[in-house]
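Work the whole structure out from these sequences, hints included.
Protein chains in written order, with numbering that gives the first Met the number 0: chain A, 0 to 267; chain B, 0 to 282.
No false leads were slipped in.
Restraint ranges, calculated between C-beta atoms of paired labels, are given here:
(1) A:H176 / B:V237: 40 to 48 Å
(2) A:H176 / B:L161: 39 to 47 Å
(3) A:K76 / B:A108: 37 to 45 Å
(4) A:E9 / B:G150: 51 to 59 Å
(5) A:K119 / B:N230: 26 to 34 Å
(6) B:I160 / A:Q238: 52 to 60 Å
(7) B:V275 / A:P242: 51 to 59 Å
(8) B:T64 / A:S62: 56 to 64 Å
(9) B:L161 / A:P4: 35 to 43 Å
(10) A:P140 / B:I18: 31 to 39 Å
(11) B:V156 / A:A59: 43 to 51 Å
(12) B:P127 / A:K76: 57 to 65 Å
(13) A:G241 / B:V275: 46 to 54 Å
(14) B:V156 / A:K110: 17 to 25 Å
Cut-off 27 Å, straight-line C-alpha distance, at most; resulting in silico cross-link-like pairs (DSS-like, lysine-lysine):
(15) A:K76 / B:K163
(16) B:K226 / A:K125
(17) A:K119 / B:K163
(18) A:K14 / B:K98
(19) A:K57 / B:K98
(20) A:K97 / B:K163
(21) A:K109 / B:K226
(22) B:K226 / A:K97
(23) A:K119 / B:K226
(24) A:K110 / B:K226
(25) B:K163 / A:K109
(26) A:K125 / B:K163
(27) B:K282 / A:K97
No wet-lab data here; the hints were simulated from the structure.
All C-beta atoms in this analysis are idealised placements derived from N, C-alpha and C, irrespective of residue type, glycine included.
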Amino acid sequence: MVTTPLIEAENLAVKYPNGDLALEDVTFSIDPSTFMAIIGPNGSGKTTLLKTMLGLIKPAEGSLRVMGLDTRKEYQKIRRMVRYLPQRDEIEATVPVKVKDIVLMGRLLKKPPLRMASRKDVDFAKDALRRVDLVDLWDHPFPELSGGQRQRVLVARALAAEGQIMMLDEPMSGADHDSQVKIVEALQEYYNESQVNIIMVTHDLNPIHTVVKDVLMLNRRVMGIGHPCAVMDLELLKQVYGPTAKIVELAGHKYCITGDSGFDRHDH
Amino acid sequence: MIIDALNLILTSPIIQRAIIASILVSIIAATSGTFVVFRGLSFLTAGVAHAALGGVALALFLQATAIAPWFDPILGAVIFAVFVAVLTAYAGERGVAQKMEVAVGVSFALSMSIAVFLMYYLPPTLVPVIWGYLIGDILLLDNLDIILLLGVALSLVTLFILFKNEFVYVSIDMEGSTAHGMNARAYNYLLLIFAAIAIALTIKAVGAILVYAILIAPAAASNEVMKTVNNVIIGTFVIALLAMFLGLAGSFAISASPSAIAGIIAALSYIIAIQVKRYIRSK
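Quick look at the structure:
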């Protein structure tokens with residue numbers, strides 16, 4: 000039996016609005032079900048790839064398929080399967096919504112207008128908040144939360160939603176250590192239970208390298224793909240991040256030290 | 000004596016229309032104004048209002064020169080207002096507030112220039128009409144104006160009952176809403192176009208200069224202190240209505256424009272709201 004790849008890129012090239020190439024000659028394939036990290040330095044095209052998967056950006060050349068669907072034409076079908084966490088600066092905190100409104104949003108966005116929350120929606124939302132350990136803040140104003148708490152609520156929004164693919168753009172950015180740990184634990188637990196595909200863009204592989212199944216390393220082109228240990232290769236890291244990149248082994252785990260990610264967050 | 004005066008005021012059709020208009024304008028502020036503030040686009044209101052003025056000037060020019068005698072100034076106002084709103088929504092497709100501001104600024108400048116340009120070609124008798132739209136007068140509204148305001152207020156209430164969630168989602172997370180499969184783009188256009196129509200039809204009552212004070216200041220004030228979307232809407236309505244009524248009452252006590260007094264009160268409400276918020280925080 001041949002399974003349809005979760006993501007299939009063929010000679011994909013994507014341009015920034017100013018005409019510069021964000022991605023070029025990208026060819027790879029990832030099978031479901033996976034918990035996958037897309038890593039690479041700043042400006043390596045990670046977010047661009049994610050947005051291209053969603054049909055938010057059109058490829059300049061080549062093709063990109065999600066579950067066999069063409070991102071150019073069939074993006075509406077793709078979006079129906081997706082739960083998404085955008086980069087944190089995309090979220091505006093000018094509206095006085097409660098935490099519950101944000102989490103329910105994940106479910107209600109998939110419904111037709113009027114978008115009333117049913118008993119089931121509330122149950123799913125509460126369960127999702129419990130997974131990130133914030134169910135006590137159900138009625139709390141969202142704009143008053145700390146950066147880490149906001150990220151956890153947005154992860155809960157993705158967990159509460161329906162759809163076979165979860166796409167998360169830097170879910171740990173701006174989150175304190177405690178929140179990072181809770182996010183990773185929640186995602187790992189959810190992946191093991193549900194087998195829902197998780198695709199996470201991150202500049203820092205260290206907090207998640209033990210839980211992810213596949214890693215795609217980008218630097219405008221595909222630099223490496225495969226199991227985390229295969230990608231955590233010193234020569235490869237130096238090629239992508241520059242000569243200062245290091246790999247440290249601590250308590251049986253490898254840690255990458257790159258200009259992008261501090262070591263201090265992982266040594267306790 | 001006071002009873003008689005009150006009786007006289009309340010039975011006067013002019014005052015009755017002004018009271019009804021005050022309520023309708025407050026409903027518009029509570030719906031459209033609130034969501035324009037949520038969307039972080041309060042500047043849009045000023046831009047659209049002044050653009051509408053360009054539309055009024057063009058309509059009067061077309062009427063005076065008999066090119067299109069049927070072209071009502073209100074129609075001109077609505078067309079120009081919607082044009083600015085669509086341009087703004089287009090500039091902000093990707094949710095970039097900065098680009099939207101530039102779009103508002105440029106179209107604001109363009110339509111004001113058109114208004115001033117056309118004023119030189121209008122018969123002198125019509126120039127005060129333009130000034131009328133700039134300053135506005137709630138005591139000069141006719142029945143058609145009231146019907147138009149009523150139509151806008153009812154449409155807005157219906158729209159916000161149906162699509163309140165969608166407008167909130169577009170304001171919080173445009174990209175995420177799109178990625179989850181909602182047509183965020185369409186809701187963004189819907190929100191801004193209706194806001195523009197509301198502003199264009201409100202300027203005859205409160206004036207292009209003061210529409211900002213009435214439609215934005217109460218919403219901004221309410222958004223500072225209220226903790227839920229519904230409470231912000233209710234708070235905005237109460238502040239706007241209070242300002243409008245005090246403006247009307249004040250205009251009888253001292254001879255001043257009702258919308259000027261209402262504008263001052265609305266602006267003060269925002270300053271007070273910031274102080275209240277600071278006080279609550281410090282506790």
